[in-house]
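Enquirer: So you can see what is in the structure, the chains are spelled out below.
Protein chains: 2
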Amino acid sequence: MIQPRVLKGFRDFLPDLEARKKSIVRTLEEVFTSFGYLPIDTPVLEYAEILLGKSGGETEKQVYRFTDHGGRDVALRFDLTVPFARFMAQHMAELYLPFRRYHIAKVFRGENTQRGRYREFMQCDFDIVGPDSTSADLEVLLIMQKALASLGMERFTIHLSHRGVLQDFLARLEVSEPVEVLRTVDKIRKIGREKVRETLAQLSDEERAGRILDFIAPGSEPEEALSRMEEGVGADNPHLARLKEIWAVIGELGLARFFTIDPSITRGLDYYTGVVFETFLSDLPDIGSVCSGGRYDNLVGLYSAQSMSGVGASIGLDRLMAAMQELGMLEAIPTMAPEVLVVCMEERFLAHYHGVAAALRARGVRTEVYPQARKLGQQFSYAEKKGIPFALIMGEDEIAAGAMALKDLAARTQRVVRGLEEVVHAVEHRREGVHPS
Amino acid sequence: MIQPRVLKGFRDFLPDLEARKKSIVRTLEEVFTSFGYLPIDTPVLEYAEILLGKSGGETEKQVYRFTDHGGRDVALRFDLTVPFARFMAQHMAELYLPFRRYHIAKVFRGENTQRGRYREFMQCDFDIVGPDSTSADLEVLLIMQKALASLGMERFTIHLSHRGVLQDFLARLEVSEPVEVLRTVDKIRKIGREKVRETLAQLSDEERAGRILDFIAPGSEPEEALSRMEEGVGADNPHLARLKEIWAVIGELGLARFFTIDPSITRGLDYYTGVVFETFLSDLPDIGSVCSGGRYDNLVGLYSAQSMSGVGASIGLDRLMAAMQELGMLEAIPTMAPEVLVVCMEERFLAHYHGVAAALRARGVRTEVYPQARKLGQQFSYAEKKGIPFALIMGEDEIAAGAMALKDLAARTQRVVRGLEEVVHAVEHRREGVHPS
Numbered sequence: 001m002i003q004p005r006v007l008k009g010f011r012d013f014l015p016d017l018e019a020r021k022k023s024i025v026r027t028l029e030e031v032f033t034s035f036g037y038l039p040i041d042t043p044v045l046e047y048a049e050i051l052l053g054k055s056g057g058e059t060e061k062q063v064y065r066f067t068d069h070g071g072r073d074v075a076l077r078f079d080l081t082v083p084f085a086r087f088m089a090q091h092m093a094e095l096y097l098p099f100r101r102y103h104i105a106k107v108f109r110g111e112n113t114q115r116g117r118y119r120e121f122m123q124c125d126f127d128i129v130g131p132d133s134t135s136a137d138l139e140v141l142l143i144m145q146k147a148l149a150s151l152g153m154e155r156f157t158i159h160l161s162h163r164g165v166l167q168d169f170l171a172r173l174e175v176s177e178p179v180e181v182l183r184t185v186d187k188i189r190k191i192g193r194e195k196v197r198e199t200l201a202q203l204s205d206e207e208r209a210g211r212i213l214d215f216i217a218p219g220s221e222p223e224e225a226l227s228r229m230e231e232g233v234g235a236d237n238p239h240l241a242r243l244k245e246i247w248a249v250i251g252e253l254g255l256a257r258f259f260t261i262d263p264s265i266t267r268g269l270d271y272y273t274g275v276v277f278e279t280f281l282s283d284l285p286d287i288g289s290v291c292s293g294g295r296y297d298n299l300v301g302l303y304s305a306q307s308m309s310g311v312g313a314s315i316g317l318d319r320l321m322a323a324m325q326e327l328g329m330l331e332a333i334p335t336m337a338p339e340v341l342v343v344c345m346e347e348r349f350l351a352h353y354h355g356v357a358a359a360l361r362a363r364g365v366r367t368e369v370y371p372q373a374r375k376l377g378q379q380f381s382y383a384e385k386k387g388i389p390f391a392l393i394m395g396e397d398e399i400a401a402g403a404m405a406l407k408d409l410a411a412r413t414q415r416v417v418r419g420l421e422e423v424v425h426a427v428e429h430r431r432e433g434v435h436p437s
Numbered sequence: 001m002i003q004p005r006v007l008k009g010f011r012d013f014l015p016d017l018e019a020r021k022k023s024i025v026r027t028l029e030e031v032f033t034s035f036g037y038l039p040i041d042t043p044v045l046e047y048a049e050i051l052l053g054k055s056g057g058e059t060e061k062q063v064y065r066f067t068d069h070g071g072r073d074v075a076l077r078f079d080l081t082v083p084f085a086r087f088m089a090q091h092m093a094e095l096y097l098p099f100r101r102y103h104i105a106k107v108f109r110g111e112n113t114q115r116g117r118y119r120e121f122m123q124c125d126f127d128i129v130g131p132d133s134t135s136a137d138l139e140v141l142l143i144m145q146k147a148l149a150s151l152g153m154e155r156f157t158i159h160l161s162h163r164g165v166l167q168d169f170l171a172r173l174e175v176s177e178p179v180e181v182l183r184t185v186d187k188i189r190k191i192g193r194e195k196v197r198e199t200l201a202q203l204s205d206e207e208r209a210g211r212i213l214d215f216i217a218p219g220s221e222p223e224e225a226l227s228r229m230e231e232g233v234g235a236d237n238p239h240l241a242r243l244k245e246i247w248a249v250i251g252e253l254g255l256a257r258f259f260t261i262d263p264s265i266t267r268g269l270d271y272y273t274g275v276v277f278e279t280f281l282s283d284l285p286d287i288g289s290v291c292s293g294g295r296y297d298n299l300v301g302l303y304s305a306q307s308m309s310g311v312g313a314s315i316g317l318d319r320l321m322a323a324m325q326e327l328g329m330l331e332a333i334p335t336m337a338p339e340v341l342v343v344c345m346e347e348r349f350l351a352h353y354h355g356v357a358a359a360l361r362a363r364g365v366r367t368e369v370y371p372q373a374r375k376l377g378q379q380f381s382y383a384e385k386k387g388i389p390f391a392l393i394m395g396e397d398e399i400a401a402g403a404m405a406l407k408d409l410a411a412r413t414q415r416v417v418r419g420l421e422e423v424v425h426a427v428e429h430r431r432e433g434v435h436p437s
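Residue numbers (the UniProt record's numbering), protein chains in the order written: chain W, 1 to 437; chain S, 1 to 437.
It should be emphasised that the hints constitute simulated quantities derived from the structure, not laboratory data.
Mixed in with the good hints, there may be bad ones.
As the list makes no split between identical chains, a pair holds if one copy fits it or if it spans any two.
As the list claims (entries may be wrong) - Simulated pairs of lysine-lysine, DSS-like, Cα-Cα distance not exceeding 30 Å:
1. Lys106 - Lys61
2. Lys195 - Lys407
3. Lys195 - Lys375
4. Lys8 - Lys187
These numbers were taken from a predicted model, which means no experiment stands behind them.
Make the full structure from the sequences, and use the hints.
Expert: Here you go:
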């Protein structure tokens with residue numbers, strides 16, 4: 001006998017959780033398509049060369065990589081960004097710009113499974129490729145706001161900055177290792193202000209470290225942060241102008257309460273070149289960013305001589321679901337459980353039971369038939385376990401009389417009904433939160 | 001530069017096809033949940049021991065198998081049946097019987113890519129585990145019929161048989177290698193009647209080969225096939241009784257035109273022990289079965305001492321989509337393309353454009369904003385490529401006058417509208433297939 005188990009860092013989704021995951025995905029998809037973003041899909045398995053082309057050592061260590069039957073060096077995708085870059089380079093001729101896509105799919109990383117991290121997890125990316133414009137930057141931020149709001153989130157803040165502003169500031173300071181400085185600043189939430197100061201001092205000196213820390217100081221009002229940035233890079237800085245314009249439009253659209261300007265946001269990856277953003281939940285600050293992204297100006301560089309800019313964001317669906325669970329929001333999402341159980345009194349009435357069930361389904365009621373004659377108590381107990389609110393009972397007497405007994409399993413009440421419309425009515429009442437007695 | 005390409009047998013899904021795939025999946029999910037089937041998910045990667053426990057050499061050769069960073073012998077799932085068996089054995093204590101689940105996910109087989117087969121493809125499985133009852137067998141057949149009908153399929157036939165009937169017939173014939181005979185019969189559609197006769201004669205003798213071929217003869221009326229089976233195994237055969245009962249209820253439910261009794265259906269796998277079925281499209285007989293399955297009585301035997309019976313079916317989504325494409329049915333499925341393009345006349349009106357777009361979305365209209373000021377012709381041409389039917393034009397004059405110009409891109413007409421309700425109205429008319437001039 002083989003012990004039934006899954007690999008460490010992998011997990012099964014039982015019906016309730018999987019149904020809620022699907023409902024969340026569907027809500028996100030509705031938001032994306034409402035903004036003109038359309039879905040794509042790419043293979044789980046790709047040439048390792050394609051997936052690892054640009055990555056450093058850390059990524060490579062985490063990637064599931066092997067040789068296939070044909071001797072090809074292949075790997076499981078570890079994010080949806082690299083496959084998207086490959087996709088854009090490969091299909092350029094079939095597509096058009098601006099190109100808006102979303103992609104919700106599993107990715108794989110053999111990383112440390114501590115702290116609730118999984119080795120198989122869902123990413124949910126959306127990007128607009130084409131113009132390097134304020135409108136495109138803004139749009140991604142609007143989608144982030146709308147996506148979280150659509151899931152019932154209210155207390156979140158999207159932290160916004162522009163990598164170019166900080167880079168220009170570092171150039172003015174004549175910092176010798178700006179890329180390392182950006183990576184260090186990116187860790188401020190993880191390692192804290194003092195650790196960052198130490199590292200920055202090593203990378204440059206105490207004085208510069210202090211000035212950088214002043215520049216990125218969090219917690220101030222957006223306008224104050226923008227003035228501080230202006231002092232640092234000058235009023236004519238084009239990156240700062242972009243950031244200010246985005247901030248102004250967010251205000252005009254009445255959405256300022258969901259956003260802030262936070263110069264400490266840099267995103268560690270060299271990939272980003274323009275606006276950058278992360279999203280934190282007010283009630284769960286320690287869970288980290290649930291939606292992050294930014295603008296990049298060299299999407300397809302590895303695979304094509306063409307230059308292509310874009311802006312996008314990624315929602316960590318597993319982290320978001322963990323947050324929703326902790327906030328008690330997950331249970332409010334419906335599970336698509338059936339609404340009526342047609343009880344099996346005698347198996348000779350099989351056709352009758354399945355006929356009634358089909359008629360209820362045709363009226364939009366999710367209905368299942370208990371698949372064999374068992375004690376009523378056993379069938380009711382099954383319905384309760386599965387969260388089915390109503391049982392429909394048709395024995396010899398009811399069928400002869402053209403009637404049914406409708407049992408409300410939560411209220412433990414039962415009444416005789418004569419037509420399916422009454423059943424549909426009871427189900428619809430319950431959907432609206434009105435439990436008829 | 002790295003050449004952008006995917007592995008042989010793998011493919012990208014561009015927006016139109018992916019949106020249609022999602023729409024098909026959603027339709028199937030609605031059917032499954034309407035019957036009380038709930039979704040589950042399992043990992044793409046599992047212990048090789050778990051996935052390959054019962055499989056023979058053919059499967060093993062096709063499986064993507066490798067050693068992970070932790071030295072574990074792992075593999076990509078090659079179907080959804082084996083992971084389901086592992087899932088049921090592992091989660092028995094958390095679940096209840098009857099357990100109905102569906103699972104729509106990618107599976108991987110490194111097989112020959114000729115004949116339109118992919119190495120990564122989507123399976124769509126649904127099963128009811130628990131009672132070995134007529135009702136459960138019937139239910140799976142009803143779902144198959146409903147699933148295909150919901151996708152707009154009309155001309156299909158679900159071929160139904162019972163493995164136990166053929167097995168009992170072979171026992172009466174005293175055939176020495178019944179398992180091999182079943183496998184041979186299973187190939188009749190691929191290799192033809194004469195090849196089957198040859199192999200059967202080798203496995204037993206000419207006379208028995210003839211009698212088996214008579215028994216499985218296709219093309220007859222269901223009632224005739226049932227009588228022939230009765231002659232072969234006797235009127236009191238319990239397997240035949242099950243098959244007759246199912247056939248009778250299908251008739252009572254008025255669905256006989258979608259089904260037939262076909263004794264040549266055996267399903268090659270030893271796994272099946274009861275009813276078995278395959279589905280053929282009348283207009284594309286050569287494409288093979290688009291939905292197959294059957295009853296099995298030892299689901300979890302590899303992982304548990306418990307015995308568990310079930311019945312289920314699997315839709316090959318890639319094959320089904322290929323069939324729908326060939327039948328011209330794919331293009332009728334909507335792609336979720338945006339309905340209105342807010343044209344960008346001047347970038348200083350950014351907040352206005354995004355505000356109008358947000359208001360349209362709030363009214364249920366999928367709306368995107370062109371992300372930069374470009375020539376009108378270029379923006380219209382983009383809208384046409386993406387299939388966006390309307391463009392909303394707001395320049396300085398329109399904004400000053402509180403108006404908008406609504407352009408119907410297909411009709412090439414343009415008119416001034418004063419409120420968003422007029423835009424919503426035009427979009428809704430178009431959805432209903434009424435193109436206002």
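Enquirer: Checked against the structure, which of the hints given earlier come out wrong?
Expert: As far as the earlier hints go, 2, 3 are violated by this structure, in ascending order.
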